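Residue numbers (this note's numbering), protein chains in the order written: chain X, 1 to 455; chain E, 1 to 455; chain P, 1 to 455; chain U, 1 to 455.
Just to be clear, a hint being listed does not mean it is correct.
Since copy identity is lost for identical chains, a pair holds within one copy or between any two.
Said to hold, decoys possible - List time: in silico EDC-like cross-link candidates among lysine to aspartate or glutamate, alpha-carbon distance up to 20 Å:
1. K184 with D234
2. K271 with D152
3. K184 with D198
4. K271 with E47
5. K184 with D96
6. K271 with E85
7. K184 with E418
8. K184 with E59
9. K271 with D65
10. K184 with D205
11. K184 with D221
12. K271 with D198
By construction, these hints were calculated from the structure, which means they are not laboratory data.
Remember, it's a predicted structure, so these values are computed and weren't measured experimentally.
There are 4 protein chains.
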Amino acid sequence: MTSFFNDILTTIAERGRALIDFSGRERAARGGDLTELFEALLSERGEASGMAIAQEIFERYDALDEDARHQALDVLASAFGVDLEVSRAAAETFLDAPDDATGRALNIASEPRRQELFRRLNLAPDGTARLVAMREDLIDGLGGHPQWRPMDADFAHLFSSWFNRGFLVLRRIDWQTPAAILEKIIRYEAVHEIADWDDLRRRIDPPDRRLYAFFHPRLVDEPLIFVEVALTGDIPAAIGPVLADDREPIDPRTATVATFYSISNCQRGLKGVTFGSFLIKQVVAELSRELPSLRTFVTLSPIPSFADWLAGLAGQDDEAEGEVAIGESERASIADALAAREDARSPDAGLETSLTQLAAAYLLTERDRRARPRDPVARFHLGNGAILDRVNWAADDSPRGLGQSFGLMVNYRYEPDEIEANHEAYAHDGTVAAAPRVHRLARGRGVARRERTTA
Amino acid sequence: MTSFFNDILTTIAERGRALIDFSGRERAARGGDLTELFEALLSERGEASGMAIAQEIFERYDALDEDARHQALDVLASAFGVDLEVSRAAAETFLDAPDDATGRALNIASEPRRQELFRRLNLAPDGTARLVAMREDLIDGLGGHPQWRPMDADFAHLFSSWFNRGFLVLRRIDWQTPAAILEKIIRYEAVHEIADWDDLRRRIDPPDRRLYAFFHPRLVDEPLIFVEVALTGDIPAAIGPVLADDREPIDPRTATVATFYSISNCQRGLKGVTFGSFLIKQVVAELSRELPSLRTFVTLSPIPSFADWLAGLAGQDDEAEGEVAIGESERASIADALAAREDARSPDAGLETSLTQLAAAYLLTERDRRARPRDPVARFHLGNGAILDRVNWAADDSPRGLGQSFGLMVNYRYEPDEIEANHEAYAHDGTVAAAPRVHRLARGRGVARRERTTA
Amino acid sequence: MTSFFNDILTTIAERGRALIDFSGRERAARGGDLTELFEALLSERGEASGMAIAQEIFERYDALDEDARHQALDVLASAFGVDLEVSRAAAETFLDAPDDATGRALNIASEPRRQELFRRLNLAPDGTARLVAMREDLIDGLGGHPQWRPMDADFAHLFSSWFNRGFLVLRRIDWQTPAAILEKIIRYEAVHEIADWDDLRRRIDPPDRRLYAFFHPRLVDEPLIFVEVALTGDIPAAIGPVLADDREPIDPRTATVATFYSISNCQRGLKGVTFGSFLIKQVVAELSRELPSLRTFVTLSPIPSFADWLAGLAGQDDEAEGEVAIGESERASIADALAAREDARSPDAGLETSLTQLAAAYLLTERDRRARPRDPVARFHLGNGAILDRVNWAADDSPRGLGQSFGLMVNYRYEPDEIEANHEAYAHDGTVAAAPRVHRLARGRGVARRERTTA
Amino acid sequence: MTSFFNDILTTIAERGRALIDFSGRERAARGGDLTELFEALLSERGEASGMAIAQEIFERYDALDEDARHQALDVLASAFGVDLEVSRAAAETFLDAPDDATGRALNIASEPRRQELFRRLNLAPDGTARLVAMREDLIDGLGGHPQWRPMDADFAHLFSSWFNRGFLVLRRIDWQTPAAILEKIIRYEAVHEIADWDDLRRRIDPPDRRLYAFFHPRLVDEPLIFVEVALTGDIPAAIGPVLADDREPIDPRTATVATFYSISNCQRGLKGVTFGSFLIKQVVAELSRELPSLRTFVTLSPIPSFADWLAGLAGQDDEAEGEVAIGESERASIADALAAREDARSPDAGLETSLTQLAAAYLLTERDRRARPRDPVARFHLGNGAILDRVNWAADDSPRGLGQSFGLMVNYRYEPDEIEANHEAYAHDGTVAAAPRVHRLARGRGVARRERTTA
């Protein structure tokens, strides 16, 4: 099927052009403002000339300045939401005789009008990309426009369906990849900045380095999310050697460990659509198949919130509740560490025990309001079913690494056979799966082990 | 972008394999019956191991016989519909304070649980194709299981979103197309049967013949709908010369007319998702761009229901209401025509005036219960904004053509500048756009011209 | 590299068009007959406008009838051969002082002028294909034009360089292959005729059937040679079960034997350029890599000349020299066999011993004038280093099989570790590598075993 | 054909691997030194195991240091040249009876044995690239090894046949091109250095900039030659504005001039195989087709040898013969110009008339020993049939531009209708086609106009 299907896709680019030509013939008499065009797109005219109207809408929208775009979004938020009259009638009918049929009718009646509008906007050339861009505008203005929240949720709902993982395509990115894509990888890398093209090349060209991204067939030149992988003989305990520009590549067929050292989401407009968990599992599958010698799949991850948390803790008086406490004896040295952090210096080597114990305790016990781990990276990997495997001292001496976590990093381990059970325990009661050595560290801070341990 | 994106798609095939490998590792402890697996897929286990569970479900489902599949569909119909409790609460909340937020909440609460189940089933390898196949089973059993109707509507709703025209890819099918696709064209052709590979070749290989199909990126080797086009110098008045195996091809750059002489939907499982209107308009755009000499875009279409209608009319007594009536003087000759039809013979040449007038009157005036043209092909093209352009006598002497319409065929014309207005008038009050000559024919039966005429 | 390079090739088709456009601008003043154009192409005008002149030559040549083409070929044969004057001078210089430099100068001086002419003709759109077609004309007329032999050898020399195996691309042909290629497979199959598309599908679509072809980048839609392969559990002893339309495919991963049951050259114009040996070895390599369970690579081959040889032998009197003789006692039964052959009937079962012994003896001992095996298929496979492995009785009951060899077929075995030694022994003294069972058969006819045996 | 053929090429990469596997099985007993392997490759063993032996040769050769490689090349130069005995016999036979047949026999007999050796080396994976690399070694050592000259000529002869323009593929290079190719463009640019990736992007990504390269199907990731094109409204008179990083791109559909401002050969190992003329003409054809508004195709070219020539002239006494002379009155100012050149400074504005006249006179009259223009760039474009169109003052103020030609540059114009006549006149008697304004400049130096003028 391959080659024929390749051709199928090559016509996508051409199609855009065709649509323009065709719509040009239709468009002579088109007029009205954006609101009228929104209505027109939902009307019978929209059924006949949807492509042309959708294109017209985007062309006008793109030409607007920020204020005018906000006005357009206000219109979408206020006039294209749930039809209250229709919904009221359907709700009453349902409550009179609740069953699957009246329930479905209610579901249809209560669908915000925007949903169909968005689906028809997708007919325009590059419609999907333009809808994603429109949502970026929305997100940027959300702070000042809380009334847009339902519309934002509508976008998230729609995109979750369209960007269903079943429609995504995993693609390895390497030195044979077009520059137009590579340029975006440089731009979107959010964890360990890519300095320039040479730096990029060091991450994708050596035989023991991989970069995989998800793409969607309709967003042809836009990665959705990507992960960078180092193939190694041991689990890396620091990011420096992974990124060193003078390191010697190894033969990937001899590697036993695959380390995911950077994961970056690329599309702000797809916020709320989760790709990361699928990406990691898919890459584990790809690598397992290609390199049977691989035994271990881990991350090398930052602890973005650790230092802030510790700073808060250090500022509390002794009475403050919370499972983890700072002893009097170490207050001074922790103050030193916090001072070093301010100056982007490494903490004193003597602090290793204190800080690694505190980090372990922090990750195992501190929760957010929804009872999930307070650290966002921990939340992501533990939620995916990974195991908190190791806390690494002096692992990232970049200004960011020192500022976030005194240079500490963490390995989360993906153990295919345990992912499902870990995820379920985590989802059920917030259980954090952790290696014994992490529990041992936490015990040093008096944190009893309640959690399920996994080796 | 082209070439990189081609590669993106080639990984689709590989991905299926990878998923299997990976899920194989997860699956050891998997058990339970299909109902349990449906629930598992919607649970937190489903979040962690969705691919594996979805695959497991399809493997089991595929292995079932018809009865057991019907039981599975019964489970989906009864236990995975709208959650009545949750919906009731949301409906009451909404009625208390109806606004966009409570309306959206109601919309989400009343979504049938199947919808999320279907979205997760899509994670399986070939998930989309398998869901489409599952709906085929559903449609086949719908007559005996009216309780499946809401589920059928759920499928249609989901597929309308996934198969949004913005995600479809138009592709020309020719003699360079893989045999695996061509074989399906032969199988799916529903209007003028393709006898064998030589017959197929005559429809796709000569320079003045075209075949275009829509594809979806996830259903790589399955056309969704296709249209066959003849490029000619005049509007064809009969199908025979179009399909003749000894005809001389013309230089397509000299053609002025593109005739759509066959349109076939390929996927029963996508019933209710409309592709035809988009396909025709897209092909008009493609052809206009490639061949600027083309001026006229018409169909050569059957009138599937004409003879049945006329037989009914002939059986009525004079009092029967209805705009079109058969005069006493022609009852005998119409009886002859109906007898000829029984024997798959052509009607007598002397009947041309009667039958073409009756056909024009039929198409212009007869409506179904929803006030749309009674003839399904007319309904499709007129609904798309086409014009009823000409009624052709002795246009199709195949048994089917004689049986459906005494060998009459119709040209519908797509006039890009008028499509929108025609569609709107049709949608608004059922107005049929027709050429003056068609109105003249109908006047011969006493049918006054109420309709908007278009030249 | 893959995807970029794919694109490289897609431009080939476009290029042809571009050349035409460009040459069109150059061509206004072009004139003269073919002979003048040949000279022009070799002149300085040819350096500047080679593409246009080459295209002009082919357009004129294609428009000629057979007689006029023969005249053009006569011109090429007589006026564009070796430049005798220049060669004479170079030969004398060389003989005066023979060294590498004067030798090279002689080599250059004695190159027929056609060679450069052909190289420049290759500049035309589809130049390579058109040169191959021109040679087909030459071969067809060679019988009546012995003076074309040097020109024919020039073509063979040039094509051997251009179609160097290093430039060929092996490609699997299957049901995903474009119909335009498959149609040519049907047409070019020379051993076991392909009846229709269903028959073709049985040879390429089941998982245990393969078809591989060599292509050249410049002849994009023309296979050069192809081989059909059956993956089986045992070495097949007859062609019928291999081609049976109701057989059950096996899982290719369980196959231990790959049988090459048909090899067809496709391009008459490339006569003398050998592809077969490379093709078989390349396919052995491909299959070994994909299916490690394969242990045995054999052919199932006809013995095209056996029956003719035996008929000749039967017609001789006893005194005729030759190693193999027919005993008096079997003359009658062999006469029966020859009579059955005349009627396309199978020979009597009682003849199995006689005929298989005679076939073994024939293949082991009978030689042509150049001391190579007299049977052309044997010559090919033994020359490639294969082993004569088995003689099969009642192996091909088609009219052709009965007519050529009383229904007998042979397995030749390719044993990668022995190919080189077998080929060398064969090339050195004509030694035929054969399995002991074949020698045993031959001993039944009194043929002593001189040959190296290989198990 | 496109998509199937794409697939054909994708197998090239895989094939390399397959060959290795297969040859691995053959290679167990392989031994001997390089000379023995050369002989083996030409022997019957080579016919059976050519791929394996060729690969073995390259692996050993690649592992050698420079001295050892030179020894290997010495062997090829001395022992694999023309077979003197065989050639002598053939020469005598030919002289006895010189005709086409004995001439061809002589041609074959006198072919250096290396030619067949090279053809068989091409069987190795990446054989073509490795042969090209081997010739690079040869060229690098040619100064110290004059005995290699015949071998060098053999390489050139073979590569001229293999890299026949009919086998080359023109490919546009843009920002969608794989980084691996772009990196080579940066490296190979020989005229106006590409500083970094941003600089590269400015040359390939804006809509009014193009870069085209020739590729060969067997050297998949290596451009052979490329040309950079600027689409403009006027003929550029200086390189600065063309390369400026802050310039505004224009809509290419409004451009009337295409300027070839840089042409770079990429493969030293293909020295002597001419691509440039074909490349320019092909790009003219491509651009003409895509952008019908283009009317003028020119270069913006350096005059690499002008300053050196003028320095020589200035050093001569008055008696020196030569058509162009320096008057006494301008000796001082020319000395100034030469001094400025030494310091990489721009010459004084007052020198414009003198220097542009001298440049015109130089280009029109000065010849090398073979009576061709002394300036290599002039030789190339005039030889291709271009017209010397304009001499530009202050056109290139880079150190190289000032050093080569006091900052002067030249436009050569390609006028499709005149190319052939210009080329022929040039080839016949060295006539330089030049615009009247160039002749006027030269007349200022007393150079009479003998040349054909072209507007």
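Status of each hint after checking the structure:
1. Proximity of K184 and D234 under a CA criterion of 20 Å is satisfied in neither setting, with 30 Å inside one chain copy and 35 Å between copies.
2. Proximity of K271 and D152 under a CA criterion of 20 Å is satisfied intra-copy only: 10 Å inside one chain copy versus 31 Å between copies.
3. When the C-alpha separation of K184 and D198 is checked against a cutoff of 20 Å, the pair qualifies both within a copy, at 15 Å, and between copies, at 14 Å.
4. Within a single copy, K271 and E47 get their C-alpha atoms only as close as 30 Å, which misses the 20 Å cut-off; across copies the closest is 18 Å, which meets it.
5. Taking the shortest Cα distances, K184 and D96 never come within 20 Å of each other, neither inside one copy (55 Å) nor across copies (49 Å).
6. Taking identical chains as interchangeable, the C-alpha atoms of K271 and E85 are never at most 20 Å apart, the minima being 31 Å within one chain and 30 Å between chains.
7. Proximity of K184 and E418 under a CA criterion of 20 Å is satisfied in neither setting, with 35 Å inside one chain copy and 44 Å between copies.
8. Taking CA atoms no more than 20 Å apart as the test, K184 paired with E59 passes in neither setting, with 24 Å inside one copy and 39 Å between copies.
9. When the C-alpha separation of K271 and D65 is checked against a cutoff of 20 Å, the pair qualifies neither within a copy, at 23 Å, nor between copies, at 43 Å.
10. In this homomeric assembly, K184 and D205 come within 20 Å of each other (Cα to Cα) both inside a single copy, at 16 Å, and across copies, at 15 Å.
11. In this assembly of identical chains, the alpha carbons of K184 and D221 lie at most 20 Å apart only when taken from the same copy (9 Å versus 23 Å across copies).
12. Taking the shortest Cα distances, K271 and D198 never come within 20 Å of each other, neither inside one copy (31 Å) nor across copies (31 Å).
The structure is inconsistent with the numbered hints 1, 5, 6, 7, 8, 9 and 12, although it conforms to all the rest.
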